[in-house]
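Student: Residues per chain, in single letters:
There are 2 protein chains.
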Amino acid sequence: MTKLGHVLTRVRASSRELALLPEAKIKAVLKDCAIALKREQSAILAVNQQDLSRLEPASPLYARLELTKEKISDIAAGLKQIANLPSPLNRILESRTLPNGLKLSRRSVPLGVIGVIYESRPNVTADVFALAFKSGNACVLKGGKEAQRSSAAIIKIIKKILRRHGINPYVVELISGGRSEAQQLMRARGLVDLIIPRGGPGLISYVRDHATVPVIETGAGVVHTYVDANVNVAQAARIIDNAKTNRPAACNALDTLLVHRAQLKNLPRLVAPLARSRVIIFADAKSYRALASHYPAELLRPATAKHFGREFLALQLAVKSVDNLDEALAHINRHSSQHSEAILSADKQNCERFLAEVDAAVVYGNAATTLSDGGVFGLGAEVGISTQKLHARGPMGLSALTTYKWIARGTGQIRR
Amino acid sequence: MTKLGHVLTRVRASSRELALLPEAKIKAVLKDCAIALKREQSAILAVNQQDLSRLEPASPLYARLELTKEKISDIAAGLKQIANLPSPLNRILESRTLPNGLKLSRRSVPLGVIGVIYESRPNVTADVFALAFKSGNACVLKGGKEAQRSSAAIIKIIKKILRRHGINPYVVELISGGRSEAQQLMRARGLVDLIIPRGGPGLISYVRDHATVPVIETGAGVVHTYVDANVNVAQAARIIDNAKTNRPAACNALDTLLVHRAQLKNLPRLVAPLARSRVIIFADAKSYRALASHYPAELLRPATAKHFGREFLALQLAVKSVDNLDEALAHINRHSSQHSEAILSADKQNCERFLAEVDAAVVYGNAATTLSDGGVFGLGAEVGISTQKLHARGPMGLSALTTYKWIARGTGQIRR
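Residue numbers (the working numbering), protein chains in the order written: chain A, 1 to 416; chain B, 1001 to 1416.
Calculated directly from the structure, the hints in this document are not laboratory data.
Errors might be hidden in some of the hints.
[Unchecked claim] Computed spacing ranges between beta-carbons, pair by pair:
1. R1247/B to E94/A: 23 to 33 Å
2. A234/A to P1086/B: 30 to 40 Å
3. K306/A to T1212/B: 49 to 59 Å
4. E352/A to E1056/B: 33 to 43 Å
5. N1084/B to K306/A: 32 to 42 Å
6. A13/A to A1297/B: 32 to 42 Å
7. R1247/B to T97/A: 36 to 46 Å
8. N230/A to P1086/B: 48 to 58 Å
9. K1080/B to S180/A: 48 to 58 Å
10. G1378/B to K145/A: 46 to 56 Å
11. G1378/B to Q183/A: 35 to 45 Å
12. T304/A to R1039/B: 34 to 44 Å
[What the hints assert, rightly or not] Some, not all, of what chain B presents toward chain A, calculated at C-beta under 7 Å:
13. A1346
14. Q1349
15. G1365
[As the list claims (entries may be wrong)] Derived list of chain B stretches under chain A, where covered just means 3 residues or more per stretch with a C-beta under 8 Å from a C-beta of chain A:
16. 1170-1183
17. 1201-1212
18. 1301-1309
Quick reminder that beta carbons are idealized off the backbone N, C-alpha and C, glycines included.
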């Protein structure tokens, strides 16, 4: 067995102990971790400087990797918030007595061991541990190598708290190494129950292609908003502005605006607020004509096929004119990544048709897709936004990190 | 695009129409299919004879492939039963109004397109169509080539009924071809939402290794029953007999009996009923000594390592003596396929420890593992018994073939 194989075997064993830990203990450990991370922040910051010294300050990684006192306070606050959430474990999801007298109940339990593969933000290290631990799961973390020392410093502090509470410290393991270790982790069937990639589309598709352990995919969002013939233009303009500019790098940000041809005359008003944020618009022929001499020329470009079905993650927007709701639905069903889709319309019937016919994790009538978020949805902590259909779809709370088991209490029942 | 690619594209399109079909129509179609299959049974039987004529009557496939009037009646009865089940669709799983006024609800919807890869039983063809259709899913069926004509005859009749109801007949497609087509089906990301293999362990592991579409694994059962120190021996003997002999080829059948050493003296009574069914016992040294001169010598053999952690699917049983509950739990956690596991004990504390600590889809106290079944559990039709932790675990009803979507009805809400 490889060295990593031995580590994973120990993590698996620790996960069986963790599954039996009382809720109050889990809460206490997370709170103590928050306190310890703040108390030992100077040690973390010193090690973070070592990681940073290996990067050019101009590197785009620099800002993501850099920790500050404020960021450590945020990490600690995150741990406390997760500590205080209701436990997703030991919920009786259903129960009944069968005609033969067997007492059957379905109870939520941890998945077991979760592997998380992520990029260079060291704050993810603490965040993922807290989400996994709160839901009774051991976790194996494979972060970016640029952040390895910073992440190791955080894990060292967490393990100290675990030991103080008499908990097997293998419930969290940070692994190093390159692609070979990452692949071994995603193929450790029987030792690892779930892999979650957290990062860009390259990382996600790499994990999807190589994993044999089940994967939850998160975060790919090709997001559309359709402006119907009959619409409150001022409200629509506010929603479009928010959907595009509130967090342009987030997966729930608007990518393609579809406009009913009857609203082409109002298109300049619909997109006017975007100019303030210097949003570049890629417009199809009809919407280009509608916008020319209204939208700043330096921000207006003709659209080509490559601009549709594309996630920009930037202050860029594709705009397309459609003849009717059917054409909008066909465009969305063809190009959507099934994350979040919206219709803006004063016509109730059209709204309901859109909500029924669009196949996506979240469908909106007259609201901004930026609302797709675990916190906004009231799910407590957000594990991610799933773009798959199995297990969990859309914003995932802690319950997405649990499975269930059927518990059957009998008095001698057999099968007839 | 390949020919199969074109078919899958049309199936995907048909699934969008199917998702909008009213519940009453789905029910009516399934009932009409049941009537039509019975009415046209002579055509099906004639074609089945053609399939059978290609096999040796002595082949083990023969009985599984052979259709009779009785089997067609059973198929029709199965369709009617599924027709009458409550629809798993359009259930409001939760709903709330957010502080900003957004009305949010989570509603069950079909997965979309389900691919099923199975072996030579033509009755699976009708059964899988009915389960998929009842849950609003289009399905693509890849059956064994020995049953190809029989399955095609069944699908032809079903499609006639679909057309009569004005439903796109692409909602069910039977595909032929070899491994290359099967692989194309399991890698059709974006066109197929789920693959379910139905068949033996070879088929299941082949699909698991080659699929990039999400898979639900069903049916691998390495099943244990532990007899504790303090137990009702007569009741335990009945449960063991039922667990092993009720349906020995089923995944929920007992494979390994673990016996507390204090019960070795009662082991002859515990396994006595098994001799009537000619069950071969592979016993470890201590249990062999306890059974010698009690259990028929021609049915008693010494166990080796290969007999533990093995699914027999036959009238064979491994028996092992353990010193205590801890040893039993360790053995189970090492060898279990996490399907169904049982403890037989008069000690409540030990029962509860077993139910909490064993990580399996179904855990039993004082009952037979043969009860692991969708019908027995009251789930209506059984889609299979999942041995995985994500999405669905244990006996799966129709709701395992659904996902959900979040529907958000707004009045101009944006993200702050």
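Student: Tell me, which hint numbers fail for this structure?
Tutor: 2, 3, 4, 5, 7, 8, 12, 13, 14, 16, 18
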